[in-house]
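Protein chains in written order, with my numbering: chain Y, 1232 to 1475; chain Z, 1232 to 1475.
It is possible that some hints are incorrect.
Given that identical chains are not distinguished, each listed pair holds provided it fits within a single copy or across any two copies.
Simulated pairs of lysine-lysine, DSSO-like, Cα-Cα distance not exceeding 30 Å [claimed, not checked]: (1) Lys1408 - Lys1474; (2) Lys1376 - Lys1454; (3) Lys1373 - Lys1268; (4) Lys1408 - Lys1349; (5) Lys1324 - Lys1349.
Hint data in this document are derived by calculation from the structure and do not stem from the laboratory.
Protein chains: 2
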Amino acid sequence: MKNILLTISYDGTNYNGWQRQHNGIGIQEKVEEACSKIFGQEVTVIGAGRTDAGVHALGQRGLIKVDSSIPIDRIPYALNTALPDDIVISAAKEVHEDFHPRYDAKEKTYRYLILNDKFPIPQYRNMSTFISSDLNVEEMDKGAKYFIGKHDFIAFCSTGSSVKTTERIIFDAAVHKESPFVIFEVRGNGFLYNMVRIMAGTLIDIGLARKKASDVETIILSKNRNMAGITAPAQGLTLVEIKY
Amino acid sequence: MKNILLTISYDGTNYNGWQRQHNGIGIQEKVEEACSKIFGQEVTVIGAGRTDAGVHALGQRGLIKVDSSIPIDRIPYALNTALPDDIVISAAKEVHEDFHPRYDAKEKTYRYLILNDKFPIPQYRNMSTFISSDLNVEEMDKGAKYFIGKHDFIAFCSTGSSVKTTERIIFDAAVHKESPFVIFEVRGNGFLYNMVRIMAGTLIDIGLARKKASDVETIILSKNRNMAGITAPAQGLTLVEIKY
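Chain Y with its partners taken away, still in its complex shape (with noise of 0.2 Å):
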């Protein structure tokens, strides 16, 4: 048995989310049918972290456990015959016995795209939030600078999560512009249920002048969710890389 991790990249707006689901098709249930059929039995893959239906990725990773003589370069291709076209395999690379694509994760990046113009683009609709005021830009970059250190971002999570410890290192948060687009990336050592799109929204509502962007560290230290801002829309993030 080989220990394969795959780098896996889905648009994820037909899907409800990463993980196989009651209601609704998973992206791990699509990619576990293309392994089993191309590997010829039953594969489970563990991913490296769940998705929120219409999150995007270009950089998921899953692990899988096969016995299989195809060379390992060749089974990205192999997959991709097997995938819809809103699902690929862009990597496969064999790993130890002991890893674990969650577990083992060091480093994880995070994008939000707003198109911030006066009307939506029809193209990028399921891939941004769409904002029609003008977003102070500047002000954005400098409350995410506050994200950046090792905090309790529990002011920043989502609740129907369990967790042992809300803490987390954030190494860098900017956000740029690139008209007509807006960019919120962020990378860190982990993150909580839904924390970069209460990131996302809590930059949006600085942008619009709503807070100010010294009010991140206040919201930080407050412990409570409802002093940050709204979870921004699930369209707008992308998983971009992880690191092991």
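Chain Z: place on chain Y using the hints.
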């Protein structure tokens, strides 16, 4: 009656092109339905030009004649409430009685998007053509330069169109890389049926070293459609702008 010129953007993925169709739904039909609903009268939309099934637009234009008291700058917002989210009206302005959106067009700009990477990116599958082999972008750009000027472009025209002349003026044509994308942009006084897609197919051949940059000149002079490259897939093409 007012003569109103609309600027229309759309994701062409789910439509059978711009024009009203016997089989499948045209974007024109959707805009006409929205106009009829908002203005309470039968409305015909005269487009600035057809786009094929799967082709997108950022700046298509459509002319309507309506009797309406809605302030002109509110018309886009009103129409957008009656349109599906893959079609957006982004501007409306009153034009003179004799204005014709097709005959009065002075300049059109198209963009052809190629995803040139090892693997496709699911989020861009409906708005780009995927090519995994490395493209020589410099040679493609050299090839594109041969399009510039006044030429008989009959070698870059699919059969099935009836036009008075196959001569067109290309003001500018260029290919550049915005990793992982390769982008072909072309601006001219008008375009023949499938002209930009055949230009793109020919430039892709150059990028893959199947043709030389200077072959473009030979192909134009040959006046022979079979000398040019394939008609590149529709989904890579976007009608960016029309000037009057």
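Hint check results:
Taking the shortest Cα distances, Lys1408 and Lys1474 sit within 30 Å of each other both inside one copy (26 Å) and across copies (27 Å). For a Cα distance limit of 30 Å, the shortest separation of Lys1376 from Lys1454 inside one copy, 18 Å, qualifies, whereas the shortest one across copies, 60 Å, does not. Taking CA atoms no more than 30 Å apart as the test, Lys1373 paired with Lys1268 passes in neither setting, with 49 Å inside one copy and 45 Å between copies. Taking CA atoms no more than 30 Å apart as the test, Lys1408 paired with Lys1349 passes in both settings, with 15 Å inside one copy and 28 Å between copies.
For a Cα distance limit of 30 Å, the shortest separation of Lys1324 from Lys1349 across copies, 16 Å, qualifies, whereas the shortest one inside one copy, 45 Å, does not.
Consistency note: the structure conflicts with earlier hint 3 alone.
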